[in-house]
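Residue numbers (our numbering), protein chains in the order written: chain A, 1 to 326; chain B, 1 to 326.
Please keep in mind that the hints were generated in silico from the structure rather than gathered at the bench.
If you're wondering where the values come from, they're calculated on a predicted model, not measured in any experiment.
Some hints here could point you the wrong way.
When chains are identical, the list treats them as one kind, so a pair holds in a single copy or across two.
[To be verified] Only pairs whose alpha carbons sit at most 20 Å apart, straight line, appear in this in silico EDC-like list of lysine to aspartate or glutamate:
(1) Lys189 x Asp230
(2) Lys311 x Glu268
(3) Lys25 x Asp149
(4) Lys221 x Asp29
(5) Lys123 x Glu61
(6) Lys25 x Glu168
(7) Lys25 x Asp155
(8) Lys25 x Glu153
(9) Lys221 x Asp295
(10) Lys25 x Asp161
(11) Lys221 x Asp291
(12) Lys311 x Glu279
2 protein chains.
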Amino acid sequence: MQDLNTLKSILEKYREVSTFSRHPKELYDPANYIMGLGGKRMRPLLVLAAYQMFRASQVKEALPLAYAVEVFHNFTLVHDDIMDDAPIRRGQPTVHTKWDANTAILSGDVMLIAAYESLMQFKGEAQLPRLIRVFNRVAREVCEGQQMDMNFENDSNVTIDNYLRMIELKTAVLLGGSLEMGAIGAGAKEEDIMHLSEFGRFIGIAFQLQDDLLDTFGDSKKFGKKIGGDIVQNKKTFLILKAYELGDPDQVARLKALMQTPTTQEDEKIKKTTGLLTELEIPHHAAVLRDEYRDKAFRHLEQVDTRDEEKQLLYDMTEWVFSREK
Amino acid sequence: MQDLNTLKSILEKYREVSTFSRHPKELYDPANYIMGLGGKRMRPLLVLAAYQMFRASQVKEALPLAYAVEVFHNFTLVHDDIMDDAPIRRGQPTVHTKWDANTAILSGDVMLIAAYESLMQFKGEAQLPRLIRVFNRVAREVCEGQQMDMNFENDSNVTIDNYLRMIELKTAVLLGGSLEMGAIGAGAKEEDIMHLSEFGRFIGIAFQLQDDLLDTFGDSKKFGKKIGGDIVQNKKTFLILKAYELGDPDQVARLKALMQTPTTQEDEKIKKTTGLLTELEIPHHAAVLRDEYRDKAFRHLEQVDTRDEEKQLLYDMTEWVFSREK
């Protein structure tokens, strides 16, 4: 069995030889740019980790699946960044900023197609139709999650359930799908495929709740981006929605007023909102819910029928993501 | 064997029951809108026509492939219309005009995924991997063609060969791919698959050259849109590039000056450009090249190993497209 660093290095080598080299270069340069910006490569690592639970000696066979998932994820980043008008991604200019929106649309499109091309490189032809069906379902759900996220901007009645469903679709199903695809590709038993998929889905929701917490209450150095971004963008995260639920009428009114404060008073807005959330013990409630999802996730992982040492990598990865802070 | 009108009606019924009915509706309404705007449905009809050459009694089996190709084509229209800033499509507001660019990006994305989902509905599991590979190749080439088209806007050295390659990728490969997929799905022989694919590719180039001709020299009533659109948009079509080739230095200079005339003097610009192209007998040259491609296409169709009556539908469709005028 390969450890996390070995898997990362196998993956990086594969990505380097898979650089888009076709013409016209105006189409493929942006794809190579975003793929080269790095990131945790969590999704392809999940594919590889699941695959080697069942076919440890042959983990390289899963590289086309792992790469497909990473290309797909990067396609969503390119298009989401246009929709969110985001200038920076991983500390560098976003594709539509460095080039333009049209380039970002079309390069994103070809990346989505390239993800399917990568899937088709997988040698297990017998499993391919099922792999593509899982990939289709996940890809569609990620779009549905992004649409829900955009709808929330103009919806004053977002519930916590709506929010949890949105992050499940936008983020968690792809983590579940990555593990599911790794397990299917390796020929795992149905029950193990299901438990790994559910592990990924629940841990994905936990990761997103953690991300919400860090965005407001994290240490900017460790978190790697400015604290308070969600507040500035008036994002209806779990933190805000929980505060609406727990606050008295005065607190809710103050929070709603803050959510409408123009962004010229950013620091003041972040400070006051954070204060209100702290007053209501929202960080505690978010941590409790996060841990509930993490525990649900672990209960599924426990039921996967392999030795503990083969699950260790997934525990390590979970630890690694959560330990970014706190 | 079903005739063209019967195939169209089978296809329309299938489209109606395939309406996107999932949530969130903000994501799927635009997809249903563009799919409902009509159009000639040429690509899915080509899939069905090719399929029934080899499995005449079972043409309905090919509907998931036909629908996939039509959904893909409509996805490209949604995204291309954003990139081209086009307000009208089939006489109605484009998706990004009726909704907004973000909606058009994301709905387009989910349509591309839906095209793959439709492919996966095809019952011939044995042929699926090959069908997906053909679809991937064609989809990627269509993006490459669109990028070349965008590059040409700022390129003063576009050659006729560049142009023909661009329309081949942007338009013709999808017609070839539609026939190819129909033939593969029906289990045709390799040679027949190849000849049908080549027929589609060459006839697609001929169609586009015809379209270029009609855009400048057509009858606006029969053509269904305003004459001179390409001239107003300074498009470097075959007509313009051929005029650069055949014109004397003075004519080329006049044409280049016209291509830089601001669009406030639209009618004047169309009239003068059309006059210059006529002076150089460009319509004749375009018709000759169009007919060369049409004849090449027919030579491939002749070599397909079926009875003439089974090819008749493809001759009819060709006739139908060309007879829109002239």
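Hints violated by the structure (numbers, ascending): 1, 2, 4, 9, 11, 12
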